[in-house]
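K.L.:
Using the sequences and the hints given, assemble the complete structure.
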Amino acid sequence: MLNKLTDELAVCGCNAVAAVGEYHPEAINRLFLREDRLKSFAKVCKGLAERKRPYKICEDEELEKISKSSHHQGVVAMIAAPETAPLGREDLDAWADKGKTGLILHSVGNDHNLGAIARSAAFFDAPYIVISEGDSEARLSTSAYRIAEGGMEHVAVRSVRNTAAFIKEASQKIITIGTEGRARQRIRDLPNIIKELSAKLPGAGKTRPGIAIVLGNEETGLPKDVKDACSCLVRIPGTGIMESLNVAQAATLFLQEIFEL
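Residues 872 to 1132 (my numbering) make up the sequence shown, in order.
There may be inaccurate statements among the hints.
[Unchecked claim] Calculated lysine to aspartate or glutamate pairs in the EDC-like style (CA-CA distance at most 20 Å, straight line):
#1 Lys1039 to Glu1051
#2 Lys936 to Glu906
#3 Lys910 to Glu930
#4 Lys923 to Glu893
#5 Lys939 to Glu879
#6 Lys927 to Glu906
#7 Lys969 to Glu1131
#8 Lys936 to Glu879
#9 Lys971 to Glu961
#10 Lys1071 to Asp1060
#11 Lys917 to Glu897
[What the hints assert, rightly or not] Restraint ranges, calculated between C-beta atoms of paired labels, are given here:
#12 Lys917 to Lys1095: 54 to 62 Å
#13 Pro1073 to Lys917: 43 to 51 Å
#14 Glu1004 to Gln1043: 18 to 26 Å
#15 Asn981 to Glu906: 28 to 36 Å
#16 Phe994 to Pro1073: 23 to 31 Å
#17 Arg1055 to Asp907: 53 to 61 Å
#18 Pro1108 to Gln1043: 27 to 35 Å
#19 Glu961 to His895: 18 to 26 Å
#20 Lys914 to Arg1079: 30 to 38 Å
#21 Asp1096 to Ala956: 19 to 27 Å
#22 Asp931 to Asn1063: 52 to 60 Å
Keep in mind the hints are simulated off the structure, nothing from the lab.
Even for Gly, the Cβ is constructed at its ideal location relative to N, Cα and C.
P.N.:
Pasting the structure below:
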């Protein structure tokens, strides 16, 4: 829940708040917690006291009111409202130079999906998530932070104005893998695909290439201009009983496959 008066976001859930407290304690402006959570968050409370920031012992009813969620797990941190900064050229260069894996999301559904994807991205060392400026649903919200279970502290969420144009530019430096249910190549072909495509990139053979997994809307998939801009298209084979996987599930399968390379 975003507090527009104070420009703060409520982060709730034990793992999500603990991660903020461990990696970005300076981001916490205020803390509200049940008495039984005090021991677990003693270090966070001490840090707040040293910074002259308040923390308060509350009952569940007040915590639910603050977070606008019944899934607060007895602790709510108010942080400065996070902003999704535009992805800069230096971000793309670092992505390529360090040989990292990231995700590009085009019109991907709600903040629950974004949170689940961030959790998988953190688990498989994929520090970049790129979303479209036109995507009004997937945003850094209370739900996204809670479902990410602390993963938001390990990924940089950036935005681009035109997904297809960005992918076209990015494909000159990293391998962009579009997900497409009718693609000829399968996810199991990724080792050979990446080996072949990495040979065409600058600095081939020196380091592992940067890789981007491009995921689209679950109902309509990726639009033609985005697919055309990708280095390759890959599908996840299945029985065909279901048309597709949830986008977060698909992201996890691709991240795991690439992590094992």
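K.L.:
If a hint holds in the structure, say so; if it does not, say that too.
P.N.:
Going down the list of hints, with the structure as the test:
no. : hint                           : in the structure
1   : Lys1039 to Glu1051             : 17 Å, holds
2   : Lys936 to Glu906               : 17 Å, holds
3   : Lys910 to Glu930               : 16 Å, holds
4   : Lys923 to Glu893               : 18 Å, holds
5   : Lys939 to Glu879               : 13 Å, holds
6   : Lys927 to Glu906               : 9 Å, holds
7   : Lys969 to Glu1131              : 17 Å, holds
8   : Lys936 to Glu879               : 15 Å, holds
9   : Lys971 to Glu961               : 14 Å, holds
10  : Lys1071 to Asp1060             : 18 Å, holds
11  : Lys917 to Glu897               : 12 Å, holds
12  : Lys917 to Lys1095: 54 to 62 Å  : 55 Å, holds
13  : Pro1073 to Lys917: 43 to 51 Å  : 48 Å, holds
14  : Glu1004 to Gln1043: 18 to 26 Å : 22 Å, holds
15  : Asn981 to Glu906: 28 to 36 Å   : 33 Å, holds
16  : Phe994 to Pro1073: 23 to 31 Å  : 29 Å, holds
17  : Arg1055 to Asp907: 53 to 61 Å  : 55 Å, holds
18  : Pro1108 to Gln1043: 27 to 35 Å : 30 Å, holds
19  : Glu961 to His895: 18 to 26 Å   : 21 Å, holds
20  : Lys914 to Arg1079: 30 to 38 Å  : 36 Å, holds
21  : Asp1096 to Ala956: 19 to 27 Å  : 24 Å, holds
22  : Asp931 to Asn1063: 52 to 60 Å  : 53 Å, holds
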